[in-house]
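A.B. asks: Okay, here's what each chain looks like letter by letter:
Protein chains: 2
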Amino acid sequence: MDLLPHLDPSSQTPLYRQLCGCFERQIASGELATGERLPATRELAGLLGVNRTTVSAAYELLEQKGLIAGHVGRGSFVARRSATAQVDWSNLLARPARQFAVNPAAISFAASRPPEELFPVEDFQQSCEEVLGSGNLGSILQLGSPGGYEPLRNYLLEQARREDAMGPDDDLLITSGCQQALDLLRRALVRPGARVAVEDPIYPGLKNILLEGGARLVNYQKGLEQIAVLTPNFQNPTGLTMPLAERESVLREARDKATVVIENDIYSALRYAGNPLPSLKQLAPQAGTALIRSFSKIAFPGLRLGWVIGPRPLITALRETKQLTDLHSDQFSQAVMLRFAESGRLAAHQSKMVEAGRERLQAALNAAERFLPSGSTWTRPEGGLNFWVTLPEGLDAGQLLGRAQREGVSYLPGEVFRVELPQHHSLRVSFGGARPEQITRGIEILGRVFRAESELQKQAEREPAAAWV
Amino acid sequence: MDLLPHLDPSSQTPLYRQLCGCFERQIASGELATGERLPATRELAGLLGVNRTTVSAAYELLEQKGLIAGHVGRGSFVARRSATAQVDWSNLLARPARQFAVNPAAISFAASRPPEELFPVEDFQQSCEEVLGSGNLGSILQLGSPGGYEPLRNYLLEQARREDAMGPDDDLLITSGCQQALDLLRRALVRPGARVAVEDPIYPGLKNILLEGGARLVNYQKGLEQIAVLTPNFQNPTGLTMPLAERESVLREARDKATVVIENDIYSALRYAGNPLPSLKQLAPQAGTALIRSFSKIAFPGLRLGWVIGPRPLITALRETKQLTDLHSDQFSQAVMLRFAESGRLAAHQSKMVEAGRERLQAALNAAERFLPSGSTWTRPEGGLNFWVTLPEGLDAGQLLGRAQREGVSYLPGEVFRVELPQHHSLRVSFGGARPEQITRGIEILGRVFRAESELQKQAEREPAAAWV
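Protein chains in written order, with our numbering: chain A, 1 to 469; chain B, 1 to 469.
Hints were generated in silico from the structure; no laboratory data involved. Since we're looking at a predicted model, the values are computed, not measured. The beta-carbon is built from N, C-alpha and C at its ideal position, and this holds for glycine as well. Check the hints yourself; a few may be wrong.
Derived CB-CB ranges, DEER-like [what the hints assert, rightly or not]:
id	chain 1	residue 1	chain 2	residue 2	range
1	A	163	B	53	16 to 26 Å
2	B	214	A	29	35 to 45 Å
3	A	71	B	121	24 to 34 Å
4	B	74	A	221	32 to 42 Å
This is chain A alone, in the form it adopts within the complex (with noise of 0.2 Å):
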């Protein structure tokens, strides 16, 4: 033992416990290797001027914990480390699918999210300083109902019967997040094996969670199952609208078969052209369909406040599966953000959101038709956070997003949102998080990668490897 261990009396923690945690450091960093001898009480208490009853209950304490072992008359020896039976963690874990994470870069269209400089920190400041003001914080801070902070609950049902986007069966729960609402249906909904219509490719996190509770993706278009999880509006990823016929005829189906539809419409509020469209819950309000809304994608995600909207035996159901999951979701933010609402403030920031979303679609598409490689295609949404590139034949995005990382511009390739049809070529361009110059120099960039690679390998045809010759 080279060091001697350094010991703060005034600190709360007792000094046998301060020893027997430097010890247990020295010993982890395999500073004192296994075998090695300790300093004898009486010779250890002198050097650090502390009691030998503190370093003899620091040695008992190493011993309990299986790090030392005492020898009489020959003093203690670091243990062997195997004394300590191993729990085998990569057989014991059941592992949920692996989520995919890109390296932060400089410029990222990698995740679907709102430009937080526009986020209106004044107004936020004022909706706070009204519920601390407000005379209900005890309350608020106490433990909550599953269900959902009452007032909010009573503010968002409101709105959906404004809205016309409410059955008289209908109840609603508040979710923490449109992720939550997601996973809640799931657990309720999804047994293993069933089989359930989602669109082809999907957002990654509903993909992940369909598949870990076991559930058979199919692409809807081939017919709706028991249950259907759908994007109507600005579908994430590729920012797609589905016509009104389509509308029509999906809830015919689903009425046929008595199918459960999951409209995920936590978009529709950032229609950018175009006329609005009703949602599947508002053309009929009777039907099964469960409508996810959330606040994440038109005020600030970083609250985690969503809701579901659906016949009131799912949303009980949805209800004691929270109460399981977290008990309820959180108040203080759950009160905060009906302020912000009913204070009109939510109004004055969504229609902000609306302008600059705009601006930034269009800095996006006018880019991908300067920069993008010849032979490119992508879809042209009215609304939301997303576009869908397809690059040429050849060209993998996969592949190339290490070398558009190394410029500094990230993105998500297409196979993650990957059900049936293979997505190689393409990938998702989520603009709504970067500044209208950052689109068009980050699409330039990857314009810059994909034809490089794309000049690369027209030359690799032109000039066959001589080995083959």
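Since the structure of chain A is provided, determine the placement of chain B on it from the hints.
C.D. replies: Below, chain B without anything else, positioned relative to chain A:
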């Protein structure tokens, strides 16, 4: 149709949608019966003073929704409701284990929660304002990390290291309260049919989540299994503390069997008497223990913030599951709680909570001594928010709950907490949320209800029913 629909021209909802909504409500309520004829469009337009196309559009929408059917030349009629194929919810829904809910009562001993009249509202406001003025609000409101808000995570890591409650290979995940920590651990670790060792009786939020996952629960005192969930400090519902010698023997057995011990340690900071005991995690930081802690019992349950410390492979799996579940916990509350803690306000509040808890526990135990019927026994916890009463043979706490509630006092009957052993005669008294005088009064009322029943039964024994003579 007796009543004309009421339309609001100043509303943002178009008139035809308002009209459609009126009819929908009348059809749903039965005011408009199946087969009933709707007024002709021209006639209704005249009565309402609106354009005829408005009425036509409303009827078209009603027809689309399958609520009415039009017959050329004859008009529109309320359609048969069965035109919509009904979803069979009772068959479709995987219902979780039923939650137990008691009606609100004047004096509630039903929820294990801190007293909200002691919430330090000004300190909380101060913490909020510091976060609002910090200049970090933009990133706090933006999409965050599944692991938790990094500054709070670092604060908790530092605290765990200082308290020796963390092994060298451990990591930490922030969760939406202890309940979510249990849910994530179950999802990551427990496969259907797995045996899980638990205390008997246990917290129903734990019991139900394990049962929902298909686990089989066994008493840990009969032997540990691959997974064990234990609450060594002030267990819920009994309030009991596991002695040091038992902690050590549990750890020895866990080491021999490579058991993953999940240590639920959310009450330990609320110690009112006796000396603190080291947690299982502190006794053996290198074992496979997962330590759950939370701000709910020592600060604000409404904020939903807990955390898990455990071996890195486990925390990685939990983080991936957390991302599927709800992406991440609310970041604003995490930031506010961090300020509340690092400013020293949490420690100050905690001291007050310990003082208040001591007083409440004392009131509860004194009242139990004075008022419970002879032959009752109860635990004498050294901390926490609950104690456990067992009534004399013949008194069923579940059956007596209704009577107690009519007298204005609620509690949870013992069967709710049952694992293997019957708990008919027992009840949990959660004294934390009530004021001392309420506690005394509440237990006095319970004593009266229980003694009255006891007297009735004794009388019945002394005077056998005449029919049998």
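A.B. asks: Each hint needs a verdict: does it hold in this structure or not?
C.D. replies: Hint check results:
1. 163(A) <-> 53(B): 16 to 26 Å: Given a distance of about 21 Å, which is inside 16 to 26 Å, the answer is holds.
2. 214(B) <-> 29(A): 35 to 45 Å: For residue 214(B) and residue 29(A) the Cβ distance comes to about 41 Å; the hint holds.
3. 71(A) <-> 121(B): 24 to 34 Å: violated, 59 Å
4. 74(B) <-> 221(A): 32 to 42 Å: Cβ of residue 74(B) to Cβ of residue 221(A): about 38 Å, so the range 32 to 42 Å holds.
This entry does not satisfy hint 3, going by the numbered hints stated previously; all others are met.
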